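Chain L is fixed; fit chain G onto it per the hints.
There are 2 protein chains.
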Amino acid sequence: MTNKERGILIVLSGPSGVGKGTVCKALRRYAPDLVYSVSATTRAPREGEQEGVNYFFRSRDQFQRLIQQNEMLEWAEYVGNFYGTPRKFVEDTLNAGKDVILEIEVQGAMKVKQTFPEAVFIFLLPPSMDELKSRIVGRGTDSQEAIRSRMTVAADEISLIEYYDYAIVNDRVELACSRIQSIIVAEHCRKERVVSKIKHWMAEVK
Amino acid sequence: MTNKERGILIVLSGPSGVGKGTVCKALRRYAPDLVYSVSATTRAPREGEQEGVNYFFRSRDQFQRLIQQNEMLEWAEYVGNFYGTPRKFVEDTLNAGKDVILEIEVQGAMKVKQTFPEAVFIFLLPPSMDELKSRIVGRGTDSQEAIRSRMTVAADEISLIEYYDYAIVNDRVELACSRIQSIIVAEHCRKERVVSKIKHWMAEVK
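First to last, the protein sequences are chains L and G. With full-length UniProt numbering as the guide, the letters of the first sequence map in order to residues 1 to 206. With full-length UniProt numbering as the guide, the letters of the second sequence map in order to residues 1 to 206.
Keep in mind the hints are simulated off the structure, nothing from the lab. Note that the coordinates shown come from a computational prediction; the quantities given were computed from them, not determined experimentally. Glycine is no exception: its CB is placed at the ideal position from the N, C-alpha and C atoms. Don't take every hint at face value.
Not the full set, but computed from the structure, chain L residues with beta-carbon under 10 Å of chain G [as the list claims (entries may be wrong)]:
#1 V53
#2 F57
#3 R87
#4 I122
#5 I158
#6 I161
#7 I168
#8 S178
#9 R179
#10 I180
#11 A186
#12 E192
#13 K197
Some chain L residues well away from chain G (every beta-carbon gap over 12 Å; in silico) [stated by the list, open to error]:
#14 R6
#15 P32
#16 G48
#17 G52
#18 G80
#19 P86
#20 T115
#21 M129
#22 D130
#23 G138
#24 D142
#25 A146
#26 K191
#27 H200
This is chain L alone, in the form it adopts within the complex (with noise of 0.2 Å):
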């Protein structure tokens, strides 16, 4: 009955310390038809990495091609290395007809909202903002300066919250990864990707 259904891409994004990492991890074992997205890096592989499932590792000039055209669904610089989205594996991976999810920090999804618009775009949010710092000061690792320094970057990070499709507070991590997984199922029986589906046979009933 069906021809093959182009996957969704899910942008999972949220502020630092909400816990992005946590619920992907957790719903690798919930979800396991969902897809990873693979980044490109200019840094060298560590031992044991593979290309193709750790990263796709490639050089400056060639990753810097990527960026002029246009394969990169967003990319930044960090301590000397490049790293980002190549948009070809994406796009193969959901013309296989399967679903793709990007965990990935909120100006970077900033930048795929303009690149790939038709992307899903969930935002986790903590309980409360109490609730992330308290999170961020678990971690141990910050000067009280620079948790000062990383709520101010979180509050805007927040306030991008209405460039976004949904909003999920990670208060359980279970429910929060049944949130997305409902919201997958909801986007594939939204009534432009159903009928285009069933075009074949809407073109009888007129």
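Coordinates of chain G only, in the frame set by chain L:
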């Protein structure tokens, strides 16, 4: 952490014969928290029918006053009696934080779209037009001519799918139910809803 969140009105519709009633009946088992909209009617109560449970029983005068006061989300006359969806029951239930489901014919849903545009509209589709035909034929109550006419009506109704938010192919009742439940969860995660729930601490953020 929450302001009390308002419920969502879910309008489930689709051509006659598609299985709306069967899906709704199954939903009562799978989603016991959903509240089913209670219709108003001018017909006399039958043995065992209870006011406010099976129907709101109203006189013709009362019913017409409700129409004039815009207190009916939709209504129609059928075999000399009025039937309709009273706004008050829906509003009161939503304000109590509960989701309401309204199972209704396509024409009625189009009226609800005008009187209650913030509802979420789900269109139930048959797996194919052939399958719809065999479901109608299977009921065994219609002449050849009546079947042809019902298929024409169904085709017209299906063309109204463009006014809906979601579409679900009713190939398996359990799957249709779980998709409806996912849609409800996802709608509660829409950014606008979540932001309005957390505005008390979003205000601190800036």
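A quick look at each hint next to the structure:
1. V53: For V53/L, the interface hint is violated, since the closest Cβ of chain G sits about 30 Å away, which is over 10 Å.
2. F57: Because about 36 Å separates F57/L from the closest Cβ in chain G, which is outside the 10 Å limit, the hint is violated.
3. R87: 25 Å, violated
4. I122: 8 Å, holds
5. I158: Holds, about 5 Å.
6. I161: 6 Å, holds
7. I168: At about 6 Å, which falls below the 10 Å cut-off, the nearest Cβ of chain G leaves the hint on I168/L intact, so it holds.
8. S178: Nearest chain G Cβ about 8 Å off; hint holds.
9. R179: 5 Å, holds
10. I180: 9 Å, holds
11. A186: With Cβ-Cβ at 3 Å, under 10 Å, it holds.
12. E192: Cβ of E192/L sits 9 Å from chain G, so the hint holds.
13. K197: Interface hint status for K197/L: holds (8 Å vs cutoff 10 Å).
14. R6: 16 Å, holds
15. P32: 18 Å, holds
16. G48: About 37 Å separates G48/L from the closest Cβ of chain G, which puts it past 12 Å; holds.
17. G52: Holds, since 32 Å exceeds 12 Å.
18. G80: For G80/L, whose nearest Cβ neighbour in chain G is about 33 Å away, the distance exceeds 12 Å, so it holds.
19. P86: The claim holds: P86/L sits with its nearest Cβ about 28 Å from chain G, beyond 12 Å.
20. T115: Holds, since 20 Å exceeds 12 Å.
21. M129: 6 Å, violated
22. D130: The assertion about D130/L is violated, with a minimum of 9 Å to chain G.
23. G138: 19 Å, holds
24. D142: The assertion about D142/L holds, with a minimum of 19 Å to chain G.
25. A146: 19 Å, holds
26. K191: At roughly 5 Å from the nearest Cβ of chain G, K191/L sits no farther out than 12 Å, so the non-interface label is violated.
27. H200: 9 Å, violated
Consistency note: the structure conflicts with the earlier hints numbered 1, 2, 3, 21, 22, 26, 27.
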